[in-house]
Amino acid sequence: MTESTYRIQGATGEWEVVIGLEVHAQVTSKAKLFSGAATAFGAEPNTQVSLVDAAMPGMLPVPNRECIRQAVRTGMAINAQINKWSRFDRKNYFYADLPQGYQISQLYHPIVGEGEIEINLDEKNPDAETKVIGIERIHVEQDAGKLMHDQHPTRSYVDLNRSGVALMEIVSKPDMRSPAEAGAYLSKLRTILRYVGSCDGNMDQGSMRADVNVSVRKPGAEFGTRTETKNVNSVRFVMAVVEYEASRQVDVLEAGGKVVQETRLYDPDKNETRSMRSKEDAHDYRYFPDPDLLPLELDDAFLEECRQSLPELPDAKRLRYEKDLGLSAYNAAVLTAEADTARWFEALLAEGARVQKKSEGEVAKASANWLLSELYGALNRLGKTLDDSPVTPEDGAELLALIADGTISGTIAKQVFEIMLETGGKPGAIVEEKGLRQTSDTGAIEAVVAEVLARNADKVEQYKGGKDALFGFFVGQTMKAMQGKANPQVVNELLKKALG
Amino acid sequence: MSDLTDLTVAEIRDGFRAGDFSARDVAEAFNANVAAAKALNTFIVETPEKALAAADAADRAKAAGEALKPLAGVPIGMKDLFCTQGVQTTAASHMLEGFTPTYESTVSAKLWDAGAGMLGKLNLDQFAMGSSNETSYFGNVISPWKRKGGDNAALAPGGSSGGSSAAIAARLCPAATGTDTGGSIRQPAAFTGISGIKPTYGRCSRWGIVAFASSLDQAGPMARTVRDNAIMLENMAGFDPRDSTSLDLEVPKWEAGLSSDLRGKKVGIPKEYRPDGLNAEIAALWDRGIEWLKDAGAEVVEVSLPHTKYALPTYYIIAPAEASSNLARYDGVRYGQRDLPDGAGLQDMYAATRAMGFGPEVKRRIMIGTYVLSAGFYDAYYTQAQKVRALIARDFEQAFEKCDLLLTPTAPSASFALGEKQADPLAMYLNDVFTVPASLAGLPAMAVPGGLDGQGLPLGLQIIGKALDEQTVLNAGLAIEERAGFAARPEKWW
Amino acid sequence: MSIDLQTVKKIASLSRISVTDAEAEAMVPELNNILGWVEQLGEVDVTGVQPMTAVIPNHQRLRDDAVTDGNVRDKVLANAPQAEHGFFAVPKVIE
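Read top to bottom, the protein sequences are chains A, B and C.
As numbered in this note's numbering, residues 167 to 666 make up the first sequence, in order.
As numbered in this note's numbering, residues 385 to 878 make up the second sequence, in order.
As numbered in this note's numbering, residues 389 to 483 make up the third sequence, in order.
One should not assume that every hint holds.
Stated by the list, open to error - A few chain A positions that, by computed beta-carbon distances, are all more than 10 Å from chain B:
1. Ala-262
2. Ser-322
3. Val-324
4. Val-401
5. His-449
6. Asp-450
7. Lys-483
8. Phe-637
Stated by the list, open to error - Computed cross-link-like contacts, PhoX-like style, restricted to lysine-lysine with a CA-CA straight-line distance of at most 20 Å:
9. B:Lys-637 / B:Lys-786
10. A:Lys-312 / C:Lys-398
11. C:Lys-398 / A:Lys-257
12. A:Lys-312 / C:Lys-463
To be clear, the hints were calculated from the coordinates, so they are not data collected in a lab.
Where a beta carbon is used, it is the ideal one built from N, C-alpha and C, also for glycine.
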């Protein structure tokens, strides 16, 4: 735990920024929270709408078990209190994207209570200090529909496809003190959600968005008045909002003004926030328990299933990679930062251990290094990700096994890998087909070594005169003459012997 | 053969099966009565073709020797609060004028599946808010009853199911659906000399019924006899996975279980239902009712429901609060009427649409509900009301430790003249003083006619039962029905 | 608690019901009358009483996560006062 030293330098001295995030995360589910309509992204307008979602007279909500389950699992993943008794409330306001005239949400009795998330203050440096950010609560609620303003000169169009999709609102405590902390928190939260599988975390599709609460104060003073910037949809923007709002508020306060508690919108093009006056009179939401629904009571069997189905979480996984697999802190951090990466790595590891008949720990380092340097390098070059990688974990494990058992050298492995990327072929088959199997035949190598030394008598003289660095030159020449297929270890040994 | 429209549901069902008449004969007879009763204004939409279609299907099934559905041959009226596919559903509001649902409410679908035919959509108080059927956008329903002695005042059929009550009393339909939020089945039944039962909350699905107050709304039947109510209720009730508050229980065979032998049953008489100034004729009828139940073998005990006086104010916080939210969906965007003044923005459109589409009583309740839920008042009003509601429910639980059912009057007065109480909302609300407590506790409760008052107007008795014990309620109703021998009917003037 | 004209107008606005001044004024005594009457609940001792949550004891059932509905755009839009290109249309909203 550490105190942030992020400060805004104002005319009257230093200011501290206080940040809390309310993150709306779309729950991964096939159907909506209270209706059987689909949740898929990008459908034709108003096709994924049931009569319940359109709030037709007499339509009633029935909750989707999976949405409840995912919220509970998410709560468990952040060590939060799970409330076995919770309830849905109605939040009443009028807007064209809100067919019922109220949003079904949870105010008084949320399903998940207090929890916490540990963030790393410098993602690039796994040894950097960590900080624990408190989570106030997670509740489940309905998403609203969508209004389109640019299709008609005098009308807005309403699409209810998103209306009723389940969201988790994850409310942090005002524990963050810098843009970096806010960014790290949001990244970490997204990582956890993806691990748990409760949200796909795709911020560009709106599956995850943050309301950013920002206030400033003189260090150690009482909390200042906060503003809430709505629907910020990337980690970078969240950090930008904090930076912009903090300095705006400092300017306001130092000019003798007061910060107005209000809702604001972020404009990424101008990198600024502006007041959202249109929602100003909607503050009296008249929350009350939804009389169409009964209290949600979760039994022990349900909770147990939620717990059992949780995967290993990123922090635990990172520690295990370091301690049990012997990976460097940096590699462990990078490999666990995304659930997909860890999943790929673990498949590679499992297959590697299987084909090499070794423990995972024995193949871990080589696997990690290959994934992070060779594979990542290639994917970057090709503009691809692990998702659409032309090489599967099985292929990767086979390639690594060929290196490990001396069938090919590291150099040849690079060639084989390039061919795999191009053709999608299997490494073993490529080695056979192209005759890339390395040779440890001492007789053949001895002959080449003799030839190389004979051809470079002057350099042999220099070497013997103390120029040790030339050894590498002889290795290179030998390997080149053998088209890279000589076992480098054998080459080394024979060269040393020949050079006396 | 007597007039087919004088037959009960059971008589129509059995007579049709026995071949005494065809289903078409019955449907045509009721269609004719409906067509001739415009003066009562009981129907918002008449659907004679639907009644005939169901009748023809029943006749065909019978001719083909197929198994007959439980309500084959029986035409009924449908309160216009139930969404009916392809048939305008308005909740008696201007707001929903022209709204044609693309779906069928669970309860109405069950009735059609049981073979019943629809005579039409029955008038009601707007959004079921009212006790006299004077808040309908489509005009007042006129009770078929008149005071004796030449007083020609148009009388209230009760509300909110006033179209249902008037239509049954006037022999426009043998039975109808009603909904009851604070007495909307029982009070109109009492005003018109018929029977009606509000089952336990959760027995009938609320899916597809235009919502008034979700925690109180409950559908139920209205008919002239207790047996008919049992038959109807059996075909309306049942678990519906689409309604979270629906009870996942088998539907009892209430009709088969009917018995007016009440030996071994204890009837509780709640002393708080006899306030100072209780109408003497009603008090006298209540006493007669007690004697009838004793005669049927029941033991009578006095019980106390100490929070009774708070039931009505509790109701007038909870019901408007829920209504203010339930009616927020009427905004002119997806269905119903829209008022878009020149240059109006979205929020202006809402305000104009709702000002135009809602009647004064609906606006009044929305405003009360909005106020009691608003910031700073929620706990003082709404939370307090839900606590008192819990106390009211506890009163009943404690009373039911001493008895099996309760007998009370249904309403504090007989029917009154239209217009008489309209100026004073509070006086109107007091109509529900005896019916609201059972609604707040979700208990089954039934109104049965007991006799006429001095002006020749019907008075009803109310039986309140334990949760899920509709059978005892129906049985006590039957015992009263047999002993009261209520045979009065309005003289036809329309 | 007694409400005044301004409060009535505020409630009307929260309720999205436009009222004229005359209507609002007429509502002041009417609503005060009703609210004054319901306020008698304040005298009930509710110490230790939990607000009612379910009228009849019942458990909230949960649905399976399956797509069983939707794809009924015609039905959804059938009663719309104004529908265009598969959308509901409303007066232009400026956000």
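Outcome of the hint check:
no., hint, result
1, Ala-262, "6 Å, violated"
2, Ser-322, "7 Å, violated"
3, Val-324, "7 Å, violated"
4, Val-401, "33 Å, holds"
5, His-449, "8 Å, violated"
6, Asp-450, "5 Å, violated"
7, Lys-483, "39 Å, holds"
8, Phe-637, "80 Å, holds"
9, B:Lys-637 / B:Lys-786, "26 Å, violated"
10, A:Lys-312 / C:Lys-398, "28 Å, violated"
11, C:Lys-398 / A:Lys-257, "18 Å, holds"
12, A:Lys-312 / C:Lys-463, "19 Å, holds"
Checked against the numbered hints listed earlier, the structure breaks hints 1, 2, 3, 5, 6, 9, 10; every other hint is satisfied.
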